[in-house]
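Spelled out from the first residue to the last, the chains are:
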Amino acid sequence: MKNPKIYLDNNATTPLHPEVKKALVEAMEVFGNPSSMHEFGREAKTLLDSAREKVSSFIGANIDEVVFVGSGSEANNTVLSMLACPSKHCCSFQSASKKIITTKIEHPCVFETAKCLRDRGIEVDFLDVDEYGKINIEQYKEILLRGGVSLVSIMTANNEIGTIQDIKMLCHLAHKHGSLFHTDAVQAVGKIPIDVNDLNVDFLTLSGHKIYGPKGIGALYVKKGISFCPLIRGGHQEKGRRAGTENVLGIIGLGKAVEMRSKEMAEEEKRLLRLKNLLKHGIEKSIPDIHFNGHPDDCLAGTLNVSFSGAEGEAILLYLDMEGISVSTGSACSSGSLDPSHVLLATGVGAEQAHGSIRISLGRETTQKEIEYLLEVFPKIINKIREMSTAYVRKDK
Amino acid sequence: MESNWVYTDKVKEHFMHPKNVLKDDEGFKPDGEGMVGNIKCGDQMMMMIKVKDDMIIDCRWKTYGCASAIASTSVLSEMIKGMSLKKAFKLTPKEIMQQLGSLPEHKIHCSVLGDKALRAAINDYYQKNGMTDKVCKEEAKIICQCMNVTDHEIEDAVLEGARTYYELQERTKLGTVCGQCETEAKVILEKYIKEHFK
Ligand code: FES
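Top to bottom, those sequences are chains A and B. In terms of this note's numbering, the first sequence has 129 at position 129, counting the first letter as 1, and numbering is strictly consecutive. In terms of this note's numbering, the second sequence has 1077 at position 77, counting the first letter as 1, and numbering is strictly consecutive.
Derived by calculation from the structure, the hints in this document are not laboratory data. Predicted model, so just to flag it, every value in this text is computed and none were measured. Mixed in with the good hints, there may be bad ones.
FRET-style restraints, in silico, Cβ to Cβ [claimed, not checked]: (1) A:E365 with B:H1017: 29 to 35 Å; (2) A:E365 with B:M1016: 47 to 53 Å; (3) A:K176 with B:I1142: 48 to 54 Å; (4) A:K115 with B:K1186: 21 to 27 Å; (5) A:N33 with B:K1186: 31 to 37 Å; (6) B:A1140 with A:D289: 49 to 55 Å; (7) B:K1186 with A:G240: 54 to 60 Å; (8) A:E29 with B:Q1145: 55 to 61 Å; (9) B:Q1145 with A:K22: 25 to 31 Å; (10) B:K1052 with A:K115: 52 to 58 Å.
Cβ-to-Cβ under 10 Å is the rule here; a few derived chain B residues that face chain A [stated by the list, open to error]: (11) K1023; (12) F1028; (13) M1055; (14) I1057; (15) A1067; (16) A1069; (17) Q1180; (18) C1181.
Just so it is clear, CB atoms sit at the ideal spot from N, CA and C, and this is done for glycine as well.
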């Protein structure tokens, strides 16, 4: 393969599905404001309604339970920020005590918002996880039992290590103790079956660009009857739950994206799992002193996170990049902070292992040939880095 | 891809083709050796030097770290060949960085270990050869552990214009991780402002 371009960072974002691209091109002509009553407006409104229908049925929700927002981050911020609304008239979270439970491995848009809430006087508990990234249930129960928890926010599947939580059970526990339950399902929707009725969650976040839809569009599921406080106010759009003229194109794209997911998801999950196992065993066989992060079974089919002792993540990432392969790293160095991934640290892997980690995330365009190519160059790269590393002693010598 | 790489071509060149890396089987016998940093923080460097007539005639290194850490050790290893011990001892991170063209702002901390590893190697050479009188103790004291900022660097920042704690942070990134160094850093900042400008 000469000068390949292999994209293995699908957890960061995905390319547009060809069908989504087509739908977007067609919709490009439509420019009316869906709030307008005239023909142009109605035309946009029709497309928007059809997209809403697709998104809601994809997750098993009612049409008016889906609120379109600007991103997964916005959806997550909206839910958490409701707790800090200073208005006397705010109709969300009527409970007197304001306390939330979340985890140590949430995406920064939940994690940072939770920390910010804590600074604003709201009690926040960050749950520990085990070595595979699973929530500590005992700790969870204990905190719930103490009472006064108004909201629990736990992600369905982790973006870095792929670990999937038992949301149905966690949600059931939260409800038993009278608290609402939110799940950030950005990495899960469209990859594993998600049905809001089955899970019984009160809020759920999803995003377009992780499932071959456009960037800049997300959706928040809000269960019927649950009180709500918008983050963005002003207009009556989205039934007053999210002001601002709708991103009509983005919404149409998201609608098409979930439509395609409902057709392709199940088959693709199997295919990705097969490719991931090929990759995993290939790495295991050809590179010594490695460690796979995340849960061995309850894990997204397309996510593989691996640490290489004695080799730093950014160096690995850049050498792979030179070979045309794009992956991501939990190393601190690439992000500009000094602390390596909070997710990996929470699983207790230790700073060195966290610094030396790589996330390989496969997607619908990933081929077996690409995985084989990666397996061909990978050992050489790790070897080269380890040869100049102070932190690696070859055991076979 | 090449055109918008985050690093300069020089960094890339040294990262791709690092010079003077110690090969485990080459039997390099150093006259002085120094190791600094900590893998936990993501950076560790080892420098080995061969010395003749107070000159560094050859060197080898190993580095655990990111691209900019690898590149800055590599470039340093080229700079010091043929350099007098005295001159090498005075090399600063800034001079190493200049050789690399530039580094992204948040990568600067990756290049500050090279000179320290080198000084440790030179001191080790003096020590081993009975020139204990020449061993220069690192009088510099690390104030910010997280960002590896010494009192000397605080002084430099002051001389370059930092007057407030915020400006000091802008220049050195001190206190931006755990923040434990804040009180001590403020005292030292005041001391140098007084010393040089009042
Ligand atoms: S010691 Fe300075 S930030 Fe931690």
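Here's how the hints hold up against the structure:
1. A:E365 with B:H1017: 29 to 35 Å: holds, 32 Å
2. A:E365 with B:M1016: 47 to 53 Å: violated, 28 Å
3. A:K176 with B:I1142: 48 to 54 Å: Taking Cβ atoms as reference, K176 (chain A) and I1142 (chain B) lie about 52 Å apart, which means the hint holds.
4. A:K115 with B:K1186: 21 to 27 Å: holds, 25 Å
5. A:N33 with B:K1186: 31 to 37 Å: At 55 Å between Cβs, range violated.
6. B:A1140 with A:D289: 49 to 55 Å: violated, 36 Å
7. B:K1186 with A:G240: 54 to 60 Å: At 49 Å between Cβs, range violated.
8. A:E29 with B:Q1145: 55 to 61 Å: holds, 60 Å
9. B:Q1145 with A:K22: 25 to 31 Å: Distance hint for Q1145 (chain B), K22 (chain A) is violated at roughly 56 Å.
10. B:K1052 with A:K115: 52 to 58 Å: holds, 57 Å
11. K1023: With Cβ-Cβ at 7 Å, under 10 Å, it holds.
12. F1028: violated, 14 Å
13. M1055: violated, 25 Å
14. I1057: Since the shortest Cβ distance to chain A is 21 Å, the answer is violated.
15. A1067: Status holds, d = 5 Å.
16. A1069: holds, 8 Å
17. Q1180: violated, 13 Å
18. C1181: Check failed: Cβ of C1181 (chain B) comes no nearer than 13 Å to chain A, outside 10 Å.
Checked against the numbered hints given earlier, the structure breaks hints 2, 5, 6, 7, 9, 12, 13, 14, 17, 18 and satisfies all the rest.
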